[in-house]
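Colleague: As given, the protein sequences belong to chains A and B, one line each in that order. Using our numbering, you'd call the opening residue of the first sequence number 1 and step up by one each time. Using our numbering, you'd call the opening residue of the second sequence number 1001 and step up by one each time.
Worth flagging that the hints you see were computed from the coordinates, not collected in a lab. Bear in mind the structure is a predicted one, so any value in this text is a computation, not a measurement. A few of these clues could be false.
As the list claims (entries may be wrong) - Derived lysine to aspartate or glutamate pairs resembling EDC-like cross-links, with alpha carbons at most 16 Å apart:
hint, chain 1, residue 1, chain 2, residue 2
1, B, Lys-1369, B, Asp-1301
2, B, Lys-1298, B, Glu-1199
3, B, Lys-1369, B, Asp-1269
4, B, Lys-1369, B, Glu-1276
5, B, Lys-1298, B, Asp-1198
6, B, Lys-1006, A, Asp-338
7, B, Lys-1006, A, Glu-57
8, B, Lys-1006, A, Asp-61
9, B, Lys-1298, B, Asp-1233
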Amino acid sequence: MSDNPAPVTQEHLVFHGEGQEYFRIWIVNLFLTIITLGVYSAWAKVRTNKYFYGSTELAGDRFDYLADPLMILKGRLIAVAALILYVTVQTFLPVVFIFVFLAALAVLPWIIMRSLRFRAMMTSWRGIRFGFAGDVRGAAIAYLAWPLFAVLTLGIGLPYAWYKQNQYVINHYQFGRSQAHSTTTGGDFYVIAFIIMGIALGAGLLMMLVSVLGVFVTEVATVTPDVVQNESLEVEIDTDQAAFNLGVATSVVFGIYFLSYLGIYAAYQALRYSLIYNNIEIAGNRTANSVSVFSWVMIVVVNMLLMVVTLGLYYPWARVRLTRYFIGQTRVDAVDLDGFVADEAAVTNALGEEVGEVFDLGIGI
Amino acid sequence: MRLAGKYYGGQGSAPQAAELIVDGATVRLSGQNLQQTIALSDLQIPAALGSTPRQISWGNRGYFVSQDESTVARLVALTGKSSSLGWVAWLEQCLSIALVALVFTGAAIWFALAYGVPALAAQVAHQLPDEVTEALGNSTLQTLDNLLDVSEIELAEQNRLRNYFRQYGSVPVIEFRKAGRLGANALTLSGTVVVFTDELVHLADDDVQLLGVYLHELGHAKLRHVETSILQDAAWLVLVSLWFGDFSGAGELLLTLPLVVGQAAFSQDLERAADEYAVTTMLAHGLDPEPFALMLQKLEDGVSANEPDNASDSESPEQHVPPVMAEDAAAEDDEAGRDERWSQVVFDYFSTHPATAERIAAVRAARQKLNATN
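One chain only, chain A, in its complex shape (with noise of 0.2 Å):
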């Protein structure tokens, strides 16, 4: 052991996309999709994941997604099928249904598995891929059994199984040849489910609030249809006013209450992915994110107003807007970022892992 520690620079990431710049991206992808019905989506898919990775600067490299189009679109089109599969035996044989689901279930942990090799096998920096070395196993035990605890342990094991999960997918996770650790600890992710509880909390009175005022506002702003009814008043009462206010109130009320879930989900959000990616090591070099739970939630909550009032336009500039603060508040420690070695076996390996990609779960670093 070396008496003096390696020096540590602090490389911190930074985004480089612009909204404009992806929406046009995004617009061309949406129009040849459409009118390819659906085929151009594969190299949508592509050419947005390479233009994020692409924009995103690590010590002066860019990342990359290196997927073929080709294995995307026949692993959508499974998907697709499955789908079409999946909801007709749910409509018209309900009976069949449960053993469908079933299957679904089993299969489950195998379709994360693979989801997860792509996704990290499909990454680059510096011409370097990144690996997954889990297997179906570990994935069966992180996603079905852990979860089946969560649930048997009436949700106080819960906490637990997201910390069990993210053992699962940082631990098996490679740069070349280096193995990735999480330095997460199962309190870490208490902690986190009693921030969210307050949270949620906080939010639920405010709801119970919201309900009440509502509640109030529907008494002055209606009238009971028997009044109406008894011809013997002489007072002409506009019901249709009335139900058009109510219609008016039940809306702003149930703005609100979307606005307060979204609010708690995407602290949710922030929290977990705050503590993931400020505790990943790869070979001495450690991530640090400092991301906040009130900067997240404003930019999620703002985002979807806005995109509301634009009928989803906003959509690039939202996206954008979300990427760039999480990327800004990443940073690597480095130790060495120059001595990372390819893994040679891997590299051949990289063609066939499609399958993963089939229902496209995108989870991952």
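Dock chain B against the given chain A, drawing on the hints supplied.
Modeller: The following block gives chain B in isolation, referenced to the frame of chain A:
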């Protein structure tokens, strides 16, 4: 031409400062401890993607990258090749094209929702084998039986009604149930199953009024409306996955909005079609459709009913608006009149059934037309 940048061989993450020097038809990769000669025609330069630096390769494992995008562009011109997605990059670079694409996309989505998906769903609904519609109807009936009670109408009376109805058009399964909360209602569960509630039977003054309702439900059944609705929802789901598969999280919620909004309008069209079927059938058998109009009125004045999912029913007023106010289409041209019409318009848009007054008027108009031609 010289292009300065970095080279990564693909074996390790240590960068090597290098230059690409173009000399006629050959290119030299030159750096410390690094010398390679490449044919200009072997260079692969990907199409522009936003402003991301392009990774130049030549069938090797690694890549060369430069921050000097303008020289890279000149190099692309020199090679005389365009990458396979060059035309896509060209589309992306032109803002006016982006706007055209935008308009087209919006139109395509609207078209699919308004015409494409319903038409396709209707086609498939009519092709469905009988076993499927039977299975659908029977399983929905089983589910409904959790909410409904056994009918209190005498079996003899039930069969009498069944025989009476079947003179005008038949459906394999006609059932009666006591509804309780559901109130006076009739439901079509699939192309083969129609359900009447006892309350509806008691509400009618005579058999002909019930016949009108039966024929409306028969319309739903024969025109395969239930199956069409289900298939439409499923088709939209698949289409959305294909087109928008890359949206994440809450964005997907937004994508179901057009369907929710469109569903009400679609449902109204189906109700009108069923009404038309009923009226046409009655007229074809020499019957006056007025009892059907009267029955609609009786249902409107009666207790409101709730509708279960994926079943089409006769009557479900969303709000209790006396017909007199709804029919005030020719209201005075003052503010109050206009506000009234506007809120009615908004409510009508979101109702699953057309306004009752409109339906009654349509029935009477059909009768009028026939009388006029006689």
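Colleague: Take the hints in turn and mark each one as holding or not.
Modeller: Hints, one by one, checked against the model:
no.	hint	verdict
1	Lys-1369/B x Asp-1301/B	27 Å, violated
2	Lys-1298/B x Glu-1199/B	12 Å, holds
3	Lys-1369/B x Asp-1269/B	21 Å, violated
4	Lys-1369/B x Glu-1276/B	13 Å, holds
5	Lys-1298/B x Asp-1198/B	15 Å, holds
6	Lys-1006/B x Asp-338/A	13 Å, holds
7	Lys-1006/B x Glu-57/A	15 Å, holds
8	Lys-1006/B x Asp-61/A	10 Å, holds
9	Lys-1298/B x Asp-1233/B	33 Å, violated
In this structure, the earlier hints numbered 1, 3, 9 are contradicted, and the remaining ones agree with it.
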